[in-house]
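Given the structure of chain A, go ahead and fit chain B onto it with the hints provided.
Listed below are the residues making up each chain.
There are 2 protein chains.
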Amino acid sequence: MRAEVLRRIHARDWAPGALIPTEEALAQEFGCARATVNRALRELAETGVLERRRKAGTRVALSPPRRATLDIPVTRLEVEGRGQAYGFHLLEQRLREAPAPVTSRLGLAPGLELLQLKTLHLADGRPFLLEDRWLNPAVLPDPAPDFAAISANEWLVGHVPYTTGDIAFSAASASAEEAEVLGLAEGAALFIVERSTWERDLPVTTVRLAYAPGYRLRTVV
Amino acid sequence: MRAEVLRRIHARDWAPGALIPTEEALAQEFGCARATVNRALRELAETGVLERRRKAGTRVALSPPRRATLDIPVTRLEVEGRGQAYGFHLLEQRLREAPAPVTSRLGLAPGLELLQLKTLHLADGRPFLLEDRWLNPAVLPDPAPDFAAISANEWLVGHVPYTTGDIAFSAASASAEEAEVLGLAEGAALFIVERSTWERDLPVTTVRLAYAPGYRLRTVV
Numbered sequence: 001m002r003a004e005v006l007r008r009i010h011a012r013d014w015a016p017g018a019l020i021p022t023e024e025a026l027a028q029e030f031g032c033a034r035a036t037v038n039r040a041l042r043e044l045a046e047t048g049v050l051e052r053r054r055k056a057g058t059r060v061a062l063s064p065p066r067r068a069t070l071d072i073p074v075t076r077l078e079v080e081g082r083g084q085a086y087g088f089h090l091l092e093q094r095l096r097e098a099p100a101p102v103t104s105r106l107g108l109a110p111g112l113e114l115l116q117l118k119t120l121h122l123a124d125g126r127p128f129l130l131e132d133r134w135l136n137p138a139v140l141p142d143p144a145p146d147f148a149a150i151s152a153n154e155w156l157v158g159h160v161p162y163t164t165g166d167i168a169f170s171a172a173s174a175s176a177e178e179a180e181v182l183g184l185a186e187g188a189a190l191f192i193v194e195r196s197t198w199e200r201d202l203p204v205t206t207v208r209l210a211y212a213p214g215y216r217l218r219t220v221v
Numbered sequence: 001m002r003a004e005v006l007r008r009i010h011a012r013d014w015a016p017g018a019l020i021p022t023e024e025a026l027a028q029e030f031g032c033a034r035a036t037v038n039r040a041l042r043e044l045a046e047t048g049v050l051e052r053r054r055k056a057g058t059r060v061a062l063s064p065p066r067r068a069t070l071d072i073p074v075t076r077l078e079v080e081g082r083g084q085a086y087g088f089h090l091l092e093q094r095l096r097e098a099p100a101p102v103t104s105r106l107g108l109a110p111g112l113e114l115l116q117l118k119t120l121h122l123a124d125g126r127p128f129l130l131e132d133r134w135l136n137p138a139v140l141p142d143p144a145p146d147f148a149a150i151s152a153n154e155w156l157v158g159h160v161p162y163t164t165g166d167i168a169f170s171a172a173s174a175s176a177e178e179a180e181v182l183g184l185a186e187g188a189a190l191f192i193v194e195r196s197t198w199e200r201d202l203p204v205t206t207v208r209l210a211y212a213p214g215y216r217l218r219t220v221v
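Those protein sequence lines, which keep their order, are chains A and B. Position one of the first sequence corresponds to residue 1 (our numbering), numbered consecutively onward. Position one of the second sequence corresponds to residue 1 (our numbering), numbered consecutively onward.
Extracted from the complex, chain A is given alone in its bound form (with noise of 0.2 Å):
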């Protein structure tokens, strides 16, 4: 849905500045619920291709947003990059029910049992990243990977290609178990990426990464 309106406005089937179909008749077309429908146009309109007002119905922006590039490394050679020495440490690795927030972002039924991994990254041996994981077993060979000896991030990357994914940035208040991992004050503001994958229609993972402050993603444009 959301691909297929890109793909329209990218070809000019929809002119820009031009006002496109209503949701109603989107959803007809496209065979789907007017919220899908509705969440896919909202999506755009945030990253500025369609610009929609209250009662005046949705257009074409007439000026695509600049886009900027951004490179997602593996952990390790990112802090190795820094010039500093990497670790890590496995704190937890269950089977559990996974809750629904976790199941929702990948589309799975409630209620599924998925690996959960808790990792925190290291940067000359001080906390740099807690990693809050949690993998579909469906992807894991037979038998599973050592996580302790390699971490699930670098093993995912070297291993278990994905189509798609999507992630957010945002910043959030230490919880007390953040901070005591991290050894820093509860409430200090971390840095958090949030990224689910999936290959093809299969869900691999999402991710939760709570960054020490400090750390700048940095990019260009």
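Don't take each hint at face value.
As the list claims (entries may be wrong) - SDA-like cross-link-like pairs, simulated, lysine to any residue; straight-line CA separation at most 25 Å:
| no. | chain 1 | residue 1 | chain 2 | residue 2 |
| --- | --- | --- | --- | --- |
| 1 | B | Lys55 | A | Arg2 |
| 2 | B | Lys118 | A | Arg216 |
| 3 | A | Lys55 | B | Gly87 |
| 4 | B | Lys55 | B | Ala85 |
| 5 | B | Lys55 | B | Ala25 |
| 6 | A | Lys55 | B | Glu154 |
| 7 | B | Lys55 | A | Arg126 |
| 8 | B | Lys55 | B | Gly87 |
| 9 | B | Lys55 | A | Ala85 |
| 10 | B | Lys118 | A | Val221 |
| 11 | A | Lys55 | B | Ala123 |
| 12 | A | Lys55 | B | Gly83 |
| 13 | B | Lys55 | B | Gly83 |
| 14 | B | Lys118 | A | Arg66 |
| 15 | A | Lys55 | B | Leu122 |
| 16 | B | Lys55 | A | Lys55 |
| 17 | B | Lys118 | B | Ala148 |
| 18 | A | Lys55 | B | Pro127 |
| 19 | B | Lys118 | A | Arg218 |
| 20 | A | Lys55 | B | Ala85 |
| 21 | A | Lys118 | B | Arg66 |
| 22 | B | Lys55 | A | Leu122 |
| 23 | A | Lys118 | A | Lys55 |
| 24 | B | Lys55 | A | Pro127 |
Hints listed in this document are in silico derivations from the structure and should not be mistaken for laboratory results.
Just chain B now, with coordinates in the frame of chain A:
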């Protein structure tokens, strides 16, 4: 320097996994300071393009990092895209000597006078984003635009092209001033975007965007 290193990697002059020349050799070849070479290599290593190991030298990474693209919308369109009403207040506008961190970010001589603009952006009447911008007066027409009528953010997108820029994302605790303007408790976790842009060699602007809690910057890979 950085661009030329990337070019050699993409052109496979330096193959994946290959050891690249030492910093001394590159500094000599490019006729620049070793610190400049060190900074460029470090930045490329942080993005996963190069692998740096203490003592073992710097290699081209075997598997290139995954890339995400990020759209950078005008704040008005971003707010309207969420289905909310947009508004803004110009809080402060003055021509003054820019502090050293600002001139250094833009590569300008210290002590130069720049136009500082503080703008509060609103979504449905509530604080959404505090913009603290320094603008090079050399890019302004005479008479200058009325930044109380059109936000500096939107005016720049429509009137001043830029050719290069850098962006950094991080988290910070709200200062007393930020907390007051955004209507938050001091120390609340803010999502921060810092962006500097140039038109060829002319510095255009550097801006710090502090988003109220709850904001998420989303994209896909």
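Consistency of the hints with the structure:
1. In summary, the hint linking Lys55 of chain B to Arg2 of chain A is not supported, as the alpha carbons are separated by about 48 Å, beyond the 25 Å threshold.
2. Pair hint Lys118 of chain B plus Arg216 of chain A holds up; C-alpha atoms about 23 Å apart against a cutoff of 25 Å.
3. Our distance criterion of 25 Å between C-alpha atoms is met by Lys55 of chain A and Gly87 of chain B, whose separation comes to about 17 Å.
4. Straight-line distance between C-alpha atoms of Lys55 of chain B and Ala85 of chain B comes to about 56 Å, which puts the hinted pair past the 25 Å bound.
5. As the CA atoms of Lys55 of chain B and Ala25 of chain B are separated by approximately 16 Å, the hinted pair is consistent with the 25 Å bound.
6. Distance hint between Lys55 of chain A and Glu154 of chain B is fulfilled; the C-alpha atoms sit about 23 Å from each other, no more than 25 Å.
7. Taken as a hint, the Lys55 of chain B and Arg126 of chain A pair is honoured in the structure, with Cα atoms around 21 Å apart against an allowance of 25 Å.
8. Taken as a hint, the Lys55 of chain B and Gly87 of chain B pair is broken in the structure, with Cα atoms around 55 Å apart against an allowance of 25 Å.
9. Pair hint Lys55 of chain B plus Ala85 of chain A holds up; C-alpha atoms about 12 Å apart against a cutoff of 25 Å.
10. Distance hint between Lys118 of chain B and Val221 of chain A is fulfilled; the C-alpha atoms sit about 23 Å from each other, no more than 25 Å.
11. For the hint pairing Lys55 of chain A with Ala123 of chain B, the CA-to-CA distance comes to about 17 Å; that is within 25 Å, so the pair holds.
12. The suggested pairing of Lys55 of chain A with Gly83 of chain B holds, with an alpha-carbon distance near 10 Å, which does not exceed 25 Å.
13. With a C-alpha separation of about 54 Å, the suggested pair Lys55 of chain B and Gly83 of chain B falls outside the 25 Å cut-off, and the hint is violated.
14. Restraint check for Lys118 of chain B and Arg66 of chain A: satisfied, since their Cα atoms lie roughly 22 Å apart, inside the 25 Å limit.
15. Distance hint between Lys55 of chain A and Leu122 of chain B is fulfilled; the C-alpha atoms sit about 20 Å from each other, no more than 25 Å.
16. Between Lys55 of chain B and Lys55 of chain A the CA atoms are separated by roughly 63 Å; this puts the pair beyond 25 Å, and the hint is violated.
17. Distance hint between Lys118 of chain B and Ala148 of chain B is fulfilled; the C-alpha atoms sit about 10 Å from each other, no more than 25 Å.
18. As the CA atoms of Lys55 of chain A and Pro127 of chain B are separated by approximately 23 Å, the hinted pair is consistent with the 25 Å bound.
19. For the hint pairing Lys118 of chain B with Arg218 of chain A, the CA-to-CA distance comes to about 23 Å; that is within 25 Å, so the pair holds.
20. The suggested pairing of Lys55 of chain A with Ala85 of chain B holds, with an alpha-carbon distance near 12 Å, which does not exceed 25 Å.
21. For the given pair, Lys118 of chain A sits about 22 Å from Arg66 of chain B by alpha-carbon distance, which is consistent with the 25 Å threshold.
22. Annotation: proposed proximity of Lys55 of chain B to Leu122 of chain A holds, straight-line Cα distance about 20 Å (limit 25 Å).
23. For a cut-off of 25 Å, the pair hint linking Lys118 of chain A to Lys55 of chain A is broken: about 46 Å separates their Cα positions.
24. Restraint check: the Cα-Cα separation between Lys55 of chain B and Pro127 of chain A comes to about 23 Å, which is no more than 25 Å; the hinted pair holds.
The earlier numbered hints that this structure contradicts are 1, 4, 8, 13, 16 and 23.
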